[in-house]
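A.B. asks: Going line by line, the protein sequences match chains U and C. Heads up, the first sequence is in the numbering used here, so the first residue is 12 and it goes up one at a time. Heads up, the second sequence is in the numbering used here, so the first residue is 12 and it goes up one at a time.
These are calculated hints, taken from the structure and not from any lab test. Treat the hints with care, since some could be wrong.
Any copy, or any two copies together, can satisfy a pair, since identical chains are not distinguished.
[Claimed, not checked] Cut-off 25 Å, straight-line C-alpha distance, at most; resulting in silico cross-link-like pairs (DMTMM-like, lysine to aspartate or glutamate):
#, residue 1, residue 2
1, Lys54, Glu219
2, Lys54, Asp142
3, Lys54, Glu384
4, Lys54, Asp101
5, Lys54, Asp116
6, Lys54, Glu247
7, Lys54, Glu393
8, Lys54, Asp405
9, Lys54, Glu216
10, Lys54, Asp149
Remember, predicted model here, so these are calculated numbers, not experimental data.
2 protein chains.
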Amino acid sequence: MLPSDRLNAAIATHHPAASACMSDLGRAMYYPQGVAAQAQEAKGARINATIGQLTDGQGGALALPSMAARLVGLPLEDAVLYAAQGGRRDLREAWRRRLVRTAGDRISLPLATAGITHGLSTIADLFAGPDTDVLLPDPAWGNYRHLFATRRAAPVYTYAPLGPDGFDPGALRVALQARARPTLLVLNFPSNPSGYTPTVAEADELVEIIADSPVPLVVMTDDAYQGMVWEDGLLEGSMFDRLLHLDPARVLPVKVDGATKELFFFGGRVGFVTFGATGAGAAALEEKALSVMRATTSATTSFSQALVLDALSSPDLDAQCATLLSELRARYRALRDGLRSVGLTPWPYNSAFFALVHSDRDPEVVRRELLAEGIGVVAIPEASAIRLSYASVDASVMGELVSALAAHLAPR
Amino acid sequence: MLPSDRLNAAIATHHPAASACMSDLGRAMYYPQGVAAQAQEAKGARINATIGQLTDGQGGALALPSMAARLVGLPLEDAVLYAAQGGRRDLREAWRRRLVRTAGDRISLPLATAGITHGLSTIADLFAGPDTDVLLPDPAWGNYRHLFATRRAAPVYTYAPLGPDGFDPGALRVALQARARPTLLVLNFPSNPSGYTPTVAEADELVEIIADSPVPLVVMTDDAYQGMVWEDGLLEGSMFDRLLHLDPARVLPVKVDGATKELFFFGGRVGFVTFGATGAGAAALEEKALSVMRATTSATTSFSQALVLDALSSPDLDAQCATLLSELRARYRALRDGLRSVGLTPWPYNSAFFALVHSDRDPEVVRRELLAEGIGVVAIPEASAIRLSYASVDASVMGELVSALAAHLAPR
Numbered sequence: 012m013l014p015s016d017r018l019n020a021a022i023a024t025h026h027p028a029a030s031a032c033m034s035d036l037g038r039a040m041y042y043p044q045g046v047a048a049q050a051q052e053a054k055g056a057r058i059n060a061t062i063g064q065l066t067d068g069q070g071g072a073l074a075l076p077s078m079a080a081r082l083v084g085l086p087l088e089d090a091v092l093y094a095a096q097g098g099r100r101d102l103r104e105a106w107r108r109r110l111v112r113t114a115g116d117r118i119s120l121p122l123a124t125a126g127i128t129h130g131l132s133t134i135a136d137l138f139a140g141p142d143t144d145v146l147l148p149d150p151a152w153g154n155y156r157h158l159f160a161t162r163r164a165a166p167v168y169t170y171a172p173l174g175p176d177g178f179d180p181g182a183l184r185v186a187l188q189a190r191a192r193p194t195l196l197v198l199n200f201p202s203n204p205s206g207y208t209p210t211v212a213e214a215d216e217l218v219e220i221i222a223d224s225p226v227p228l229v230v231m232t233d234d235a236y237q238g239m240v241w242e243d244g245l246l247e248g249s250m251f252d253r254l255l256h257l258d259p260a261r262v263l264p265v266k267v268d269g270a271t272k273e274l275f276f277f278g279g280r281v282g283f284v285t286f287g288a289t290g291a292g293a294a295a296l297e298e299k300a301l302s303v304m305r306a307t308t309s310a311t312t313s314f315s316q317a318l319v320l321d322a323l324s325s326p327d328l329d330a331q332c333a334t335l336l337s338e339l340r341a342r343y344r345a346l347r348d349g350l351r352s353v354g355l356t357p358w359p360y361n362s363a364f365f366a367l368v369h370s371d372r373d374p375e376v377v378r379r380e381l382l383a384e385g386i387g388v389v390a391i392p393e394a395s396a397i398r399l400s401y402a403s404v405d406a407s408v409m410g411e412l413v414s415a416l417a418a419h420l421a422p423r
Numbered sequence: 012m013l014p015s016d017r018l019n020a021a022i023a024t025h026h027p028a029a030s031a032c033m034s035d036l037g038r039a040m041y042y043p044q045g046v047a048a049q050a051q052e053a054k055g056a057r058i059n060a061t062i063g064q065l066t067d068g069q070g071g072a073l074a075l076p077s078m079a080a081r082l083v084g085l086p087l088e089d090a091v092l093y094a095a096q097g098g099r100r101d102l103r104e105a106w107r108r109r110l111v112r113t114a115g116d117r118i119s120l121p122l123a124t125a126g127i128t129h130g131l132s133t134i135a136d137l138f139a140g141p142d143t144d145v146l147l148p149d150p151a152w153g154n155y156r157h158l159f160a161t162r163r164a165a166p167v168y169t170y171a172p173l174g175p176d177g178f179d180p181g182a183l184r185v186a187l188q189a190r191a192r193p194t195l196l197v198l199n200f201p202s203n204p205s206g207y208t209p210t211v212a213e214a215d216e217l218v219e220i221i222a223d224s225p226v227p228l229v230v231m232t233d234d235a236y237q238g239m240v241w242e243d244g245l246l247e248g249s250m251f252d253r254l255l256h257l258d259p260a261r262v263l264p265v266k267v268d269g270a271t272k273e274l275f276f277f278g279g280r281v282g283f284v285t286f287g288a289t290g291a292g293a294a295a296l297e298e299k300a301l302s303v304m305r306a307t308t309s310a311t312t313s314f315s316q317a318l319v320l321d322a323l324s325s326p327d328l329d330a331q332c333a334t335l336l337s338e339l340r341a342r343y344r345a346l347r348d349g350l351r352s353v354g355l356t357p358w359p360y361n362s363a364f365f366a367l368v369h370s371d372r373d374p375e376v377v378r379r380e381l382l383a384e385g386i387g388v389v390a391i392p393e394a395s396a397i398r399l400s401y402a403s404v405d406a407s408v409m410g411e412l413v414s415a416l417a418a419h420l421a422p423r
């Protein structure tokens with residue numbers, strides 16, 4: 012019996028859909044009972060000679076004074092010593108409490124990852140490969156193809172519910188009905204690069220379509236921009252929340268999110284992976300993911316974890332976030348008004364950091380022309396569009412941005 | 012022509028050994044010219060609407076006050092905004108200056124990784140797979156098998172130059188001469204778990220053996236514990252330094268190291284990958300590695316990078332390190348004296364954080380017995396040994412540690 016057999020059996024029993032979608036790599040993974048596991052057992056030992064780090068002998072940190080001087084208000088141990096594999100337990104529990112508010116408690120204990128990309132990459136390792144199809148939104152964050160097609164060699168298909176004229180959930184139905192093999196479906200709302208979040212009715216329709224899938228699914232929600240929604244009547248929380256009641260024989264929901272955008276901690280590199288699973292099924296899925304993480308990054312940055320936990324524990328976290336969210340909303344409105352004033356019609360957008368503007372001219376040419384004038388935008392050639400990230404543009408210069416864009420989009 | 016063909020052609024021309032050793036995944040990788048690349052081009056633009064992060068519109072950070080309050084003496088931007096893919100250029104240049112002291116300048120610009128494991132994992136992705144053999148030291152850090160065999164499905168072979176009675180470089184010759192396919196050879200000095208560093212003469216012999224390899228090699232030096240050498244006459248610097256003159260048709264040296272141990276920043280998760288390569292060959296290898304990193308973690312923690320750069324820029328860095336190194340040396344001596352006084356003969360050890368003590372009894376049983384007494388050690392069953400990490404044990408209790416160990420190692 013291989014060490015991975017025990018995990019695979021538990022997953023087959025409790026999450027048949029996950030079992031059907033698992034890649035060869037996913038099947039092979041198990042957490043090695045090596046030093047890290049032995050060190051975990053020895054936590055709190057009177058004399059601890061297990062772990063390869065310098066301490067004062069009592070678990071206290073011995074750090075370079077130049078580093079210690081840059082930290083304030085946190086125990087030095089929380090910054091310079093190793094954190095537990097998979098993340099600090101108190102941080103993981105704090106993030107779970109945050110998710111439970113909208114998801115309820117049928118979810119696993121989140122694993123902390125080295126940023127959201129690391130969460131996506133971990134799920135790609137487990138559920139994407141030459142034998143598993145991947146269904147991506149189109150347009151999508153460019154790194155998805157790199158993660159799933161180039162790195163994992165998975166056959167990638169797309170669904171395109173959003174276009175310049177509106178959002179059609181039926182596009183997902185058509186794409187799913189064409190699938191003949193177990194599939195990893197990626198949902199991303201609020202979306203990058205489109206900045207679109209479905210209405211509640213559209214979200215309900217997406218859930219029905221997923222429930223009708225002809226093939227077993229792992230549905231990964233990339234919730235990087237969760238909570239950044241600027242209009243009323245839109246999906247609040249995550250699509251993950253709405254998939255948790257589905258039959259595990261048909262669907263495993265997986266949520267990837269993090270502090271990167273939600274807590275404005277872009278450089279902190281703290282993401283989370285949470286399964287729509289409990290009990291023995293959750294334990295097996297968690298060990299699979301932890302096993303991938305052990306082989307990619309091992310522990311995640313201690314200081315970043317401490318800072319995120321500290322923020323989550325802050326009684327006025329919501330108020331602190333509200334200030335920054337209202338700044339973002341002001342930029343969203345400035346962009347909307349600006350685009351209207353110069354007569355440009357963007358794709359539908361209502362959330363996150365972005366808007367797409369259609370370009371009849373080659374978007375890459377437009378991008379280069381604007382760059383020569385000191386204005387940076389992103390070209391999305393596959394959507395014939397320019398992506399504007401209004402999150403990093405002050406509202407006072409939004410008019411200048413859209414005027415320049417309008418000038419270069421005009422036929423010449 | 013595939014986007015990866017350009018890189019593969021450059022590597023085949025300048026580093027035939029690397030080309031022969033590359034995995035299928037390594038061959039497929041190239042850096043996608045997506046948002047990250049476009050954002051890099053737009054750095055310094057007057058209006059920058061490329062990147063998905065919240066700024067004040069001038070590139071300044073807008074952070075949660077609770078997080079900002081924990082940081083002192085560093086620009087907020089250096090902590091909470093994204094760092095460049097592959098690491099801050101100033102940090103990479105500072106680490107290169109550190110390496111050049113012993114390696115000379117025939118090396119690439121180091122890439123910053125999310126800890127040393129991430130560096131090892133990146134090299135495993137590029138050079139280990141079902142079609143490439145991997146040659147590991149035995150005993151070795153347990154995670155090597157997880158990284159190379161379980162995750163990358165590479166056939167793993169071992170060489171065992173060290174035993175309870177001494178170090179024999181000839182063991183590497185025997186293992187290399189048995190290779191029939193391109194091979195990724197892993198060197199790890201100072202070694203985990205043995206704490207052994209070869210003498211200068213032994214190191215010279217290893218270089219000769221590597222030069223005589225019958226198959227092309229990528230030689231990856233895991234230099235996590237570089238500089239932590241407690242006796243005279245041992246290899247200083249890295250084996251990497253001594254391999255740089257070898258014919259690129261036969262050998263590509265790759266160095267993986269980091270701030271984790273060298274700067275006592277265990278939880279910081281800053282590692283580096285450096286190739287024994289320059290010019291177009293280095294550029295192609297660097298892009299391959301960057302491409303793996305983009306698909307595993309994307310950017311690396313900004314704050315950790317800032318702290319490492321800050322430490323490297325400190326005029327008294329060597330003096331700060333010397334204080335901690337002398338503490339480690341004192342623990343090494345306390346362990347050595349303690350083992351002698353209880354009549355235990357460890358494997359040869361002279362460096363890093365560790366010593367191995369042979370156990371006639373099942374090491375796992377000994378470990379559990381000691382744990383029940385509040386003493387944590389690591390069992391290495393494959394070497395019939397107990398690993399002691401004296402780095403985390405104060406010198407004053409070393410006597411108690413070795414007495415307890417002696418009592419449990421005795422036949423009963």
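A.B. asks: If a hint holds in the structure, say so; if it does not, say that too.
C.D. replies: Hint check results:
Taking the shortest Cα distances, lysine 54 and glutamate 219 never come within 25 Å of each other, neither inside one copy (47 Å) nor across copies (44 Å). In this homomeric assembly, lysine 54 and aspartate 142 never come within 25 Å of each other (Cα to Cα): the closest approach is 41 Å inside a single copy and 40 Å across copies. In this assembly of identical chains, the alpha carbons of lysine 54 and glutamate 384 lie at most 25 Å apart only when taken from different copies (13 Å versus 58 Å within one copy). Taking CA atoms no more than 25 Å apart as the test, lysine 54 paired with aspartate 101 passes inside one copy only; the shortest distance there is 15 Å, against 38 Å between copies.
In the homo-oligomer, the alpha carbons of lysine 54 and aspartate 116 never lie at most 25 Å apart, since the shortest distance is 29 Å inside one protomer and 43 Å across protomers. When the C-alpha separation of lysine 54 and glutamate 247 is checked against a cutoff of 25 Å, the pair qualifies neither within a copy, at 40 Å, nor between copies, at 34 Å. For the identical chains of this complex, lysine 54 and glutamate 393 are inter-copy neighbours only, at 24 Å across copies versus 52 Å inside a copy, given an alpha-carbon limit of 25 Å. For the identical chains of this complex, lysine 54 and aspartate 405 are inter-copy neighbours only, at 16 Å across copies versus 48 Å inside a copy, given an alpha-carbon limit of 25 Å.
Taking CA atoms no more than 25 Å apart as the test, lysine 54 paired with glutamate 216 passes in neither setting, with 49 Å inside one copy and 41 Å between copies. With identical chains, the CA atoms of lysine 54 and aspartate 149 are never at most 25 Å apart, being 47 Å at best within one copy and 27 Å at best between copies.
Hints 1, 2, 5, 6, 9, 10 from the earlier list are contradicted by this structure; the remaining hints agree with it.
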